[in-house]
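First to last, the sequence lines map onto chains L and U. Per my numbering, the very first residue in the first sequence carries number 1; after that it's consecutive. Per my numbering, the very first residue in the second sequence carries number 1; after that it's consecutive.
Note that these hints are calculated values from the structure, not bench results. Treat the hints loosely; a few may be bogus.
Unchecked claim - Simulated pairs of lysine-lysine, DSS-like, Cα-Cα distance not exceeding 27 Å:
#  : chain 1 : residue 1 : chain 2 : residue 2
1  : U       : Lys238    : L       : Lys5
2  : L       : Lys5      : U       : Lys129
3  : U       : Lys228    : U       : Lys238
4  : L       : Lys90     : U       : Lys238
5  : U       : Lys129    : L       : Lys90
6  : L       : Lys89     : U       : Lys63
7  : U       : Lys14     : U       : Lys193
8  : U       : Lys63     : U       : Lys193
9  : L       : Lys21     : L       : Lys9
10 : U       : Lys46     : U       : Lys14
11 : U       : Lys238    : L       : Lys89
12 : L       : Lys5      : L       : Lys17
13 : L       : Lys17     : U       : Lys129
14 : L       : Lys52     : U       : Lys238
Unchecked claim - Which residues of chain U face chain L? A few of them, derived with a C-beta cut under 8 Å, are:
#  : residue
15 : Met24
16 : Ile30
17 : Cys76
18 : Gly77
19 : Val78
20 : Arg80
21 : Pro81
22 : Gly84
23 : Pro94
24 : Ile96
25 : Glu105
26 : Ile109
27 : Leu114
28 : Ile118
29 : Ser122
30 : Arg123
The model shown is predicted, which means the values in this text are computed figures rather than measured ones. The beta-carbon is built from N, C-alpha and C at its ideal position, and this holds for glycine as well.
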Amino acid sequence: MFKYKELLKNLVIRDLKVRYKRSVLGVLWALLEPLILMILFTVVFSMLLRIKVEKYPVFVLCGLLPWSLFSTGLSYSASSILQHANLIKKIYFPREIIPLGVILARLVNFLISLILLFGFMLAFGVTFTPYIALLPLIIALQLLLIVGLSLFFTSLNTFYHDVGFILEFLLFGWFYVTPVFYPVSMVPERFLKFYMLNPMAVIVHSYRQVLLYGQAPNFGQLMIAALLIAVAFLIGWSVFRRLEYRFAEVL
Amino acid sequence: MDEQVIVVSDVWKKFRIHKERATMLKEAFINLFRGGNRYEEFWALKGVSLSVRRGEAVGIIGKNGAGKSTLFKVMCGVLRPERGTVEIRGRISPLIELEAGFHPELTGIENIYLNGAIYGMSRREVQRKLPQIVEFSGLGKFIHSPIRTYSSGMHARLGFSLAINVDADILLVDEVLAVGDAEFQEKCYRRIKEMRQEGITIVYVSHDLQSVIDICDRALWLEEGEIKMEGDPEEVVKSYLRSAEDLGVPPN
C-alpha cells in the first residue's frame with residue numbers, strides 16, 4: 001500500500017485537474033458552489049421558513065461544507081471502480097486506491113472551501129477560539145466514516161448497480177436527519193438520544209461547536225460516534241476485502 | 001542463473017458464464033426465487049504448472065479460449081485462482097495497452113506520469129525515463145496536447161512506450177504487437193529482444209508463432225486450460241500447427 005502512495009497522489013491530482021480543467025472559473029468553483037448553496041439556504045430557511053438562528057449564513061455554511069464532503073465523497077466514489085473497469089481488468093494495484101483517491105480529492109476540495117467559511121466567520125464577527133485546534137480530529141473522524149461507508153457501497157455497487165441508486169436515496173434521507181440547515185436545539189428532547197446516534201449529526205454539530213460557538217464538543221457523544229464509525233469502517237473494509245478479488249471478473 | 005522467478009503451481013481458475021448476469025438487484029432476487037443464479041461454471045485453467053528461470057523467455061501459444069489470457073492475468077495478480085499458487089520474485093511489468101488508464105483531458109506527458117504511477121513507478125523514476133519514453137513513442141510535439149486529440153494509433157504508441165520502458169525484472173507481453181504500424185511494431189520487437197539480452201525474464205503470449213520462435217527459449221502450448229505440450233519453441237509450434245491442420249482449421 002505504501003508503495004502505491006505515488007499512484008494515490010497522482011489519482012487525486014488527476015481528479016482535481018480534470019474536474020476543473022475545462023471550466024473558465026476553474027478551482028474557484030470549489031468556493032462558488034458552497035457560496036451559492038449558502039445563499040439559497042439562507043433565503044429559503046432563514047428568510048422564508050424563519051428558522052431562528054443568529055448569523056444564519058455562517059451557521060448553514062458550517063453545516064453545508066462537511067455535508068457535501070460526506071455526500072459527494074460517497075456518491076462519487078461509489079461508481080469509481082466501475083469507471084476504472086478497464087484498468088482493473090488489466091493491471092494489479094491495491095483496489096482501494098481508486099475510491100480512496102476520489103475521497104481525498106473531495107477532502108482537498110473541502111479544505112479549499114474552508115477559506116470561504118473562515119472568511120464569513122470574520123465578516124460576521126465570530127470569535128476564533130483555541131477549540132479550533134480540535135478541527136483536524138473532527139475531520140479525521142469524518143474521513144474514517146466516509147472511507148468505511150465508501151468501501152462498503154463501492155464494492156457492492158460493482159456487483160449490483162442499483163446500490164448506487166439506493167445510496168442516493170439514503171443520502172437524501174440522511175441529509176434531513178443531520179443538522180445541516182437547522183440547529184440541534186430544534187430537535188425535540190425525547191428524540192435527541194436517537195438523533196445523536198447518527199454519527200454525521202454529532203460530526204456536524206461538533207464542527208459548529210469548535211468553530212462557531214467556541215465550545216468543547218460533547219466528548220461523550222463523540223466517543224459513541226467514534227465507536228459506531230469504527231464498526232462501520234470494519235464492516236466496509238471486510239466487505240471490500242472479500243469482494244475485491246472478484247472485481248476483475250464481473251466488470 | 002537457475003533461480004526460479006515465476007512459479008505457478010497447479011493453478012485452477014473457474015469462471016461463471018452467466019446467461020445474463022444480474023447487474024440489478026431485482027434480477028438477483030428473481031434469480032433467487034427461480035432457484036439459484038443461472039450460470040454455468042467453466043474452468044479456464046485446469047491445473048496449470050509452470051516455472052520460469054531468471055533470464056528465460058517463455059512463449060505461450062494456443063487457440064482462442066485456451067486459457068492464455070487467464071494464465072496471464074493470474075500471473076499479473078489481476079485474477080485470483082480458485083486453487084494453486086503463483087509466486088513471483090521481482091518486479092513484474094505487464095506490457096499491455098494501457099489506454100484504460102489514460103485520461104482524455106490530460107496531455108501525453110501528464111498521462112505518462114499517471115500511468116507510470118499505476119505501474120508502481122515513483123515520480124523521479126518517470127522523470128528519469130521521460131526522454132526515453134517520449135523518444136520511443138515518436139509522438140514529437142503532440143506529447144504536450146490533451147490525448148483526446150490523438151488518433152487510436154497514437155494512443156497505442158504512448159501506452160507501449162511507457163510500458164516497455166518500465167524497469168522490470170519480468171516482462172509479461174500479451175498479444176500487444178498487433179497494434180500500431182509496421183514500423184512501430186518492429187521497434188517494439190527490437191526492444192523486447194534487447195531486453196532479453198539484458199537478462200530480463202519474458203513471458204510472451206502471442207498468436208504470431210514466428211515471433212514466438214524468434215524470441216523464446218521455451219514454448220508452452222495451452223489447450224482447454226491444460227498444458228498440452230512444453231519444450232523447444234520450434235517443435236511446439238510444429239506440433240501445434242499439425243494439430244490445427246488435422247482439425248482442418250487454419251491456425252489463426
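Holds or violated: is there a CB of chain L closer than 8 Å to the CB of Ser122/U?
-> holds, 5 Å
Regarding the hint that Val78/U lies at the interface with chain L, is the smallest CB-CB distance below 8 Å?
-> holds, 5 Å
Given Arg80/U was flagged as interface, is its beta-carbon under 8 Å from a beta-carbon of chain L?
-> Cβ of Arg80/U sits 4 Å from chain L, so the hint holds.
Taking 8 Å as the limit, does the beta-carbon of Arg123/U come near enough to a beta-carbon in chain L?
-> holds, 6 Å
May I ask you to test the interface hint for Gly77/U with respect to chain L, counting a Cβ-Cβ separation under 8 Å as satisfied?
-> Result: holds, 4 Å to nearest chain L Cβ.
Restraint satisfaction for Ile96/U [CB to CB of chain L, less than 8 Å] | Hint holds; Ile96/U Cβ to chain L Cβ min 5 Å, cut 8 Å.
Can the restraint linking Lys90/L and Lys238/U be considered satisfied, given a maximum Cα separation of 27 Å?
-> Not OK: Lys90/L and Lys238/U at ~31 Å, beyond 27 Å, violated.
Does Lys17/L lie within 27 Å of Lys5/L when you go C-alpha to C-alpha?
-> holds, 18 Å
Is Lys21/L close enough to Lys9/L, meaning Cα to Cα at most 27 Å?
-> holds, 18 Å
Keeping to a limit of 27 Å between CA atoms, is the pair of Lys14/U and Lys193/U held or broken?
-> violated, 34 Å
Given hint Lys89/L paired with Lys238/U - CA-CA distance at most 27 Å | Roughly 33 Å separates the two Cα atoms, so the pair is violated.
Would the stated hint for Gly84/U survive a check requiring a Cβ distance to chain L of less than 8 Å?
-> violated, 14 Å
In summary, the numbered hints that this structure violates are 1, 4, 7, 11, 14, 16, 21, 22, 26.
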